[in-house]
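Enquirer: Chain by chain, the residues:
2 protein chains.
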Amino acid sequence: MTFSVTILGSNSALPTSERYPTAQVLNVSERFYLIDCGEGTQIQLRKYKVKFSKINQIFISHLHGDHCFGLMGLISTFSLLGRKTDLHIFAHPDLEKIVNPQLEYFCKDLQYKIIFHHINPKENKVIFDDKQLEVSTIPLKHRVPTCGFLFKEKKGLNHIKKEMVDFYQIPFKKIHGIKKGEDYITPNGEIIPNNRLTLPENKPRSYAFCSDTAYTESIVPIITNVDILYHESTFLKTDQKLANQTTHSTANQAAVIAEKAKAGKLILGHFSTRYRDFKLFKTEAEEVFKNVELAIEGGVFHIPYKNIRLAGY
Amino acid sequence: MTFSVTILGSNSALPTSERYPTAQVLNVSERFYLIDCGEGTQIQLRKYKVKFSKINQIFISHLHGDHCFGLMGLISTFSLLGRKTDLHIFAHPDLEKIVNPQLEYFCKDLQYKIIFHHINPKENKVIFDDKQLEVSTIPLKHRVPTCGFLFKEKKGLNHIKKEMVDFYQIPFKKIHGIKKGEDYITPNGEIIPNNRLTLPENKPRSYAFCSDTAYTESIVPIITNVDILYHESTFLKTDQKLANQTTHSTANQAAVIAEKAKAGKLILGHFSTRYRDFKLFKTEAEEVFKNVELAIEGGVFHIPYKNIRLAGY
Chain A
1 MTFSVTILGS NSALPTSERY PTAQVLNVSE RFYLIDCGEG TQIQLRKYKV
51 KFSKINQIFI SHLHGDHCFG LMGLISTFSL LGRKTDLHIF AHPDLEKIVN
101 PQLEYFCKDL QYKIIFHHIN PKENKVIFDD KQLEVSTIPL KHRVPTCGFL
151 FKEKKGLNHI KKEMVDFYQI PFKKIHGIKK GEDYITPNGE IIPNNRLTLP
201 ENKPRSYAFC SDTAYTESIV PIITNVDILY HESTFLKTDQ KLANQTTHST
251 ANQAAVIAEK AKAGKLILGH FSTRYRDFKL FKTEAEEVFK NVELAIEGGV
301 FHIPYKNIRL AGY
Chain B
1 MTFSVTILGS NSALPTSERY PTAQVLNVSE RFYLIDCGEG TQIQLRKYKV
51 KFSKINQIFI SHLHGDHCFG LMGLISTFSL LGRKTDLHIF AHPDLEKIVN
101 PQLEYFCKDL QYKIIFHHIN PKENKVIFDD KQLEVSTIPL KHRVPTCGFL
151 FKEKKGLNHI KKEMVDFYQI PFKKIHGIKK GEDYITPNGE IIPNNRLTLP
201 ENKPRSYAFC SDTAYTESIV PIITNVDILY HESTFLKTDQ KLANQTTHST
251 ANQAAVIAEK AKAGKLILGH FSTRYRDFKL FKTEAEEVFK NVELAIEGGV
301 FHIPYKNIRL AGY
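Protein chains in written order, with my numbering: chain A, 1 to 313; chain B, 1 to 313.
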């Protein structure tokens, strides 16, 4: 059961020949959730071999070009690839207004539906859930309405102990109920309590994406105990003034948020092109928070289960 | 005096991790003329070290996404780089209608002017000229209104012979007039005819860009004797049916056009992703026309002067 995030692009507004504008893809059991869609996202998806057909949801944090200019190209490519499945785009309502005239002009013969889900970046709210995942908005502080996204795996089933299945000769049809928490009643009427038959489920995993934003502690309660926090750090603290002016964060501020939120790991990204040595971001953040990584294109961050149990079923 | 074309992208509609949608840049004496602007053009411009500030004209052949989805990103980047110079975009009138709402939303604070020049893809007409270059439209045959562009260097000045300047002690202020064709009158009243003082100018160079199009001989008179012809070849002739259905050309057809037009060189591009081995395009075209190259990203095609003379001034 994979739960990993791949960095497709993580530069700030100005891309370079190696660094792309913001886009990430979260892989949850081989379903791919796209987060932001800067120019060239489809090229990066190919490069890192993400299956286009497994993307059904796109989450757009805000309507600056470096977070959404890749959408039209991706939508067209989906069409050329013969897509039939609905595509769900979660974004500020303005996106639909901007994209619709382009769809009408460039994609008249689209064979699949695009469904826009209007989100309010100012509120912390569940905007999507499926069998395995729940996604909620994280209000951020930027020049235009912006939110991050918290991806939380859903509570799974308990693990049944194989040796107990063998010992009690539990029939197959009873297994699912026991995984869900039921006791087992033997043919003789003996009640075997659930906690003798099972081990607790795996702890649900979580990922928080927070870009772009000025330092804001208001997000801490929402992301507390997240396994991985991606937090933008456009600047170093020597350029705090610039960060304030442009409503971005420094590596130091991102680390303070990670520390306060007791995050498992902090990924820094959205670096300004003014810096040549990105290691400085890691060094600066590590003064405050220990587990820091840099969001470089192609980087894959896996979140393993914390309490993996080997169960028979 | 450079006259060269750099391929930024030359795949057909579906980009891959290495191959970008259509964009090329023509370098005429270090002024850069952008031709089409598929997604990722700005990334390719960086990769091939084209100076953004030297691009003042963009020519868009037609309004399919793979020829223009990179425009908004490039316009935004120009703005972030502090551009103040006007940007001229030559395209079908619909482009302005599509781009304007996006400019209003994403680029409210643009510090430079964008001037749209509406072109009629159905007519062969000069749409731009400056000191060094003249650009005219080449009507093409495609599913939407489409034209190619013929770039022709302007007639230059004659070359003055250094030994004649020395012999007659021609004063500096007379040089420009003689280069333009004037005779020289010595202080004694002797008339020295221009053809004794000069050698003919360099032959003006030319480049024709023809994408996307079905086979159409109507373009031959417009591009006759062009130094380099870029002609799309989306398909091989084994897929002639597909070429016809989609109003594209085969490598064979592109070569026939090059042969009929007596082009100096043929560059093939816009290959469908269905083919793995692009050399097949070259082989097929070479059966008809000798001087064939493939448009691969990063390829630079120089057009040297045919009659270079070393002149003193």
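Simulated from the structure, these hints should not be mistaken for lab results.
Don't take each hint at face value.
Note that the list lumps identical chains together, so a pair holds whenever it fits in one copy or between two copies.
Cross-link-like lysine-lysine pairs, in silico, DSBU-like; alpha carbons within 30 angstroms at most [said to hold, decoys possible]: (1) Lys306 to Lys113; (2) Lys203 to Lys241; (3) Lys237 to Lys161; (4) Lys241 to Lys84; (5) Lys125 to Lys162; (6) Lys108 to Lys122; (7) Lys241 to Lys108; (8) Lys262 to Lys108; (9) Lys265 to Lys162.
Everything numeric in this text was worked out from a predicted model, so none of it was measured.
Enquirer: Evaluate each hint against the coordinates.
Expert: Going down the list of hints, with the structure as the test:
1. For a Cα distance limit of 30 angstroms, the shortest separation of Lys306 from Lys113 qualifies neither inside one copy, at 38 angstroms, nor across copies, at 56 angstroms.
2. When the C-alpha separation of Lys203 and Lys241 is checked against a cutoff of 30 angstroms, the pair qualifies neither within a copy, at 41 angstroms, nor between copies, at 57 angstroms.
3. Taking CA atoms no more than 30 angstroms apart as the test, Lys237 paired with Lys161 passes in neither setting, with 52 angstroms inside one copy and 63 angstroms between copies.
4. For a Cα distance limit of 30 angstroms, the shortest separation of Lys241 from Lys84 across copies, 25 angstroms, qualifies, whereas the shortest one inside one copy, 48 angstroms, does not.
5. For a Cα distance limit of 30 angstroms, the shortest separation of Lys125 from Lys162 qualifies neither inside one copy, at 39 angstroms, nor across copies, at 80 angstroms.
6. For the homomeric pair Lys108 and Lys122, the shortest alpha-carbon distance between copies (23 angstroms) is at most 30 angstroms, but the shortest distance inside one copy (34 angstroms) is not.
7. Taking identical chains as interchangeable, the C-alpha atoms of Lys241 and Lys108 lie at most 30 angstroms apart only when they sit on different chains, with a minimum of 23 angstroms there against 47 angstroms within one chain.
8. In this assembly of identical chains, Lys262 and Lys108 lie within 30 angstroms of each other by CA distance neither inside one copy nor across copies; the values are 48 angstroms within and 39 angstroms between.
9. With identical chains, the CA atoms of Lys265 and Lys162 are never at most 30 angstroms apart, being 34 angstroms at best within one copy and 73 angstroms at best between copies.
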